[in-house]
Amino acid sequence: MKTIIKSLLATALLSSSLFALAETNDEKLLREAQQGDANAQVLMGYKACKDSDYYAALDWYEKAAKQAYGKDDQEWQWYQLASMYEGGQCIGAKTEQGSPNYPKALEWYTRVAFNPNPKNLSYHYNAKFRVADIYFFEEGGIKRDGAMAKRLYTELANISDNVIQQDKSGSAIKETRSNARYRLAQMHYYGEFATQNYQLAFQWAGKAALDNNTYATPLLAVLFYNGLGVKQDKAMGLELVEFACDKFAIEKACELYQQMKANLPVKY
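Numbering (mature numbering (1 follows the signal peptide of the UniProt record, and there is no 0)) for the sequence shown: -22 to -1, 1 to 246.
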């Protein structure tokens, strides 16, 4: 019995010591973060996210991000912060934790997008795409700038296969390129901040589809079905939109498929 009591006391004392040590470590981390240690600030941001304290996390991550210039993870830090501002939540959170702040998101995406010496091309290019989308769609009340959006989409749409093949994040860069190509197809289809040119819409949608952009396929289908920018081929249009509906479960594609099957007029 005495042995059991001693064992329990030893366990209790050990647990108490570990708890005290944990408290000491937390206090040390906080002190280092407050004194400007960037690594400690990142860890404090991570801890705040784990505690679902979105605004505290933003504060710590931004403090660290301001010191990241020239470091190997600069793009990562800036991009993650921009994503948090845009989404109103910590990275990986399943629900919104605060109000999105598009001006701040744009500020940090811009740092990544226009850094003259990027260390990570995947974040660099995707930040350019996010900047373009924010300007094109007036997200968060940002003043629309279609010319800027088109310039960035065009730059991204023309990323060479060489760059994609040689970069370790090539698949992510290819996805960004495909999204930019799809945006250019949309712009030329609707004539928004670009000439309405169905041939160019067809060309860019085709290139986006070759890059595995799922949303480009329904647009190609509509162009084939209506003979816009390409010789009319209703059967091809129906085949493409059926594929997009079955393979990718895109709601728009499924709606178009039903309309084409019924031989109804369709538009994208």
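Since the hints were made in silico from the structure, they are not lab data.
Backbone N, C-alpha and C define an ideal beta-carbon position, used for all residues, glycine too.
Just to be clear, a hint being listed does not mean it is correct.
To be verified - Straight-line alpha carbon distances no greater than 20 angstroms define the calculated PhoX-like cross-link-like pairs of lysine-lysine that follow:
| no. | residue 1 | residue 2 |
| --- | --- | --- |
| 1 | LYS230 | LYS212 |
| 2 | LYS212 | LYS239 |
| 3 | LYS41 | LYS6 |
| 4 | LYS245 | LYS230 |
| 5 | LYS185 | LYS239 |
| 6 | LYS72 | LYS44 |
| 7 | LYS82 | LYS146 |
| 8 | LYS25 | LYS72 |
| 9 | LYS72 | LYS49 |
| 10 | LYS128 | LYS97 |
| 11 | LYS44 | LYS121 |
| 12 | LYS209 | LYS225 |
| 13 | LYS28 | LYS41 |
| 14 | LYS6 | LYS25 |
Stated by the list, open to error - Pair ranges (Cβ atoms, derived):
| no. | residue 1 | residue 2 | range |
| --- | --- | --- | --- |
| 15 | ASN140 | MET214 | 18 to 24 angstroms |
| 16 | GLN144 | PRO78 | 48 to 54 angstroms |
| 17 | GLY124 | ALA227 | 49 to 55 angstroms |
| 18 | GLN45 | ARG129 | 43 to 49 angstroms |
| 19 | PRO94 | GLU5 | 37 to 43 angstroms |
| 20 | GLN13 | GLN174 | 57 to 63 angstroms |
| 21 | GLN210 | PHE92 | 41 to 47 angstroms |
| 22 | GLU74 | THR192 | 31 to 37 angstroms |
Q. Does the structure break any of the earlier hints, and which numbers would those be?
A. 5, 6, 7, 9, 10, 11, 12, 15, 16, 17, 18, 22
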